[in-house]
Amino acid sequence: MGEVAVEEKIRIFAGQLYAASGIGMWCFSKERRLFYSTSSNQQEFLAFLELSDCWDYIFQREEGWEKPLILSDSLHMVWIAHDVVSEAGRNYLLLLGPVFPSKVSIRHIHAALEKRESSVQMQRQLLRILSEVPVQSMEVLRQYARMLHYSITEEMILADEIYIQESEPQIPQKELQWEEKREEMISADRMQQTERILLNAVKEGNPDYKKMMREVLKGNSAYLSETGDALRDGKNTLLMFGVLCNRAAIEGGLSVHLAREMERQKVQEIENCTTVVQLIKVHEKMVDDYIGQVRSVQGHAQISKVILDACGYIKAHVLESPGMEEIAAAVGYTPYYFSKKFYREMGIRVTDYIKMARVEHAKILLLTSRKSIQEISDMLHFGTRSYFGKVFQEIVGISPVAYREQVMGKENG
Amino acid sequence: MKLKKNLELVPFLKDVKQCQADVWLITQKKDRLNLKSFLTQCILVAMPDKKSVLSHSSLECNDMDKERLEKWCLL
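Protein sequence lines, in the order shown, are assigned to chains A and B.
The numbering of the first sequence is our numbering, which starts it at 1 and goes up by one.
The numbering of the second sequence is our numbering, which starts it at 414 and goes up by one.
Only chain A is shown next, with the shape it has when bound in the complex (with noise of 0.2 Å):
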């Protein structure tokens, strides 16, 4: 292989991603002037990348990307990027894409157009020449990404080390508004095997995640919602995910309070990413960090089986309001001793972990269902609307409407 010009190397790539996928591949020099195409829509698509923030974030580094960078505008279409020297010692840069990480990327623009005072005559020729951008996941992405970085170079790249986008776009989010409500569809059977990886490691404490990745990573991490918008369901799918991190690093030893906080910061990371390439580097920050704190607890371990297996059995059983006597009972010990034991461990009484697993419930519903505030009261035996509001309000610090407005609508506004 070693024979072959990376030109020709690079060609034979193009035809197949091509022939594969539909995603054409772009050269350009260092001056921006465009070599060739393989794209379809070829003036459109130019036009779209020069108009981007992608344009001026790829071509201002002085250094170029030696590895390949990963970076999308703000109607979501992902690009991928890589300098390459020649062995006749040219530069130039080759460029990915245009892609939609998700299948329902197009019918979010749609109903973005929907809402503009522009006739549906003007709108007709932009959506069908989006309707030919081809989608991926981006866990493909990402591979097509280290195959192109294989054919330029003859070196083999992990995952971690393609570059992610880090600038905010220009235009902010609301361009792609869209009010239309979530569907609930949260399912743990549909969690894939690498966050079943994750989520262990995260539990264990094992910063070889990455190394258990690599052996069984099959590239296929589809979206949990289809809300019509990438960047909502890719931050719906992370927030859920976040979840179940934190759900695993207490069950590695992790206190309530301070995986409470890790929440918080998680959520707030996520909300902030604008695009999304920027939720790829928040998932794997979110990772390591979850694994990093059960590894410090982990070193002086202080929580017994008992509580822990009381505190899986509590969250196991939110839905169904366990009791004192229930929970004791289920762990073997009497009210009286159980209780004490989960406080000298844990730091907090029984019934405020109750309260706290039932409002992260709560959460995980307002995101992710249109239930009414008042069904999901029920549904987690608050008693009254007002009782639940109150709970919510002192652990989460806002009340259920204005948390499902600010996580749910927060690109909105």
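Bear in mind the hints are in silico, worked out from the structure with no lab data behind them.
Please note: incorrect hints may appear among the correct ones.
[What the hints assert, rightly or not] Using 16 Å as the maximum straight-line C-alpha spacing, the simulated EDC-like pairs for lysine to aspartate or glutamate come out as follows:
| id | chain 1 | residue 1 | chain 2 | residue 2 |
| --- | --- | --- | --- | --- |
| 1 | B | K464 | A | E326 |
| 2 | A | K67 | A | E155 |
| 3 | B | K430 | A | E50 |
| 4 | A | K315 | A | D352 |
| 5 | B | K427 | A | D56 |
| 6 | B | K427 | A | E326 |
| 7 | B | K430 | A | E326 |
| 8 | B | K415 | B | E473 |
| 9 | B | K427 | A | D352 |
| 10 | B | K430 | B | E480 |
| 11 | A | K315 | A | E326 |
| 12 | B | K464 | B | D435 |
| 13 | B | K430 | A | E155 |
| 14 | B | K463 | A | D352 |
| 15 | B | K427 | A | D53 |
Fit chain B to the known structure of chain A by using the hints.
Quick look at chain B alone, frame taken from chain A:
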């Protein structure tokens, strides 16, 4: 302000991006488009008859931005 005929759309829209306030394009059919929006820019790029639409449209912006955009407009 009326736009010049045959203006180069992408460089024009790049200039619009640099404007401080919103810049509006009012078409002959009374469509009102905010040219600072990336989505609107994409709509324009995708329109097959964009040259004709632009030449029959007018531009609305504040005085500071007028200076930046006047090279694209008929005096």
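Now the hints, each set against the structure:
With a C-alpha separation of about 75 Å, the suggested pair K464 of chain B and E326 of chain A falls outside the 16 Å cut-off, and the hint is violated. With a CA separation close to 10 Å, the supplied pair K67 of chain A and E155 of chain A stays within the 16 Å bound. At roughly 12 Å between alpha-carbon atoms, K430 of chain B and E50 of chain A fall within 16 Å of each other, so this suggested pair holds. Restraint check for K315 of chain A and D352 of chain A: satisfied, since their Cα atoms lie roughly 13 Å apart, inside the 16 Å limit.
Straight-line distance between C-alpha atoms of K427 of chain B and D56 of chain A comes to about 11 Å, which keeps the hinted pair within the 16 Å bound. Of the supplied pair hints, the one linking K427 of chain B and E326 of chain A is violated, its CA atoms being roughly 66 Å apart against a limit of 16 Å. Taken as a hint, the K430 of chain B and E326 of chain A pair is broken in the structure, with Cα atoms around 63 Å apart against an allowance of 16 Å. Restraint check for K415 of chain B and E473 of chain B: satisfied, since their Cα atoms lie roughly 9 Å apart, inside the 16 Å limit.
Our distance criterion of 16 Å between C-alpha atoms is broken by K427 of chain B and D352 of chain A, whose separation comes to about 56 Å. Straight-line distance between C-alpha atoms of K430 of chain B and E480 of chain B comes to about 14 Å, which keeps the hinted pair within the 16 Å bound. Of the pairs offered as hints, the one joining K315 of chain A and E326 of chain A holds, with about 13 Å between alpha carbons and a cut-off of 16 Å not exceeded. Taking the CA atoms of K464 of chain B and D435 of chain B, the gap is about 22 Å. The hint is violated against a cut of 16 Å.
Using a Cα cut-off of 16 Å, the hinted pair K430 of chain B and E155 of chain A is violated, with the two alpha carbons roughly 39 Å apart. Between K463 of chain B and D352 of chain A the alpha-carbon distance is near 63 Å, which puts this suggested pair outside the 16 Å criterion. Straight-line distance between C-alpha atoms of K427 of chain B and D53 of chain A comes to about 11 Å, which keeps the hinted pair within the 16 Å bound.
In summary, the structure is inconsistent with hints 1, 6, 7, 9, 12, 13 and 14 from the numbered list given earlier, while agreeing with the others.
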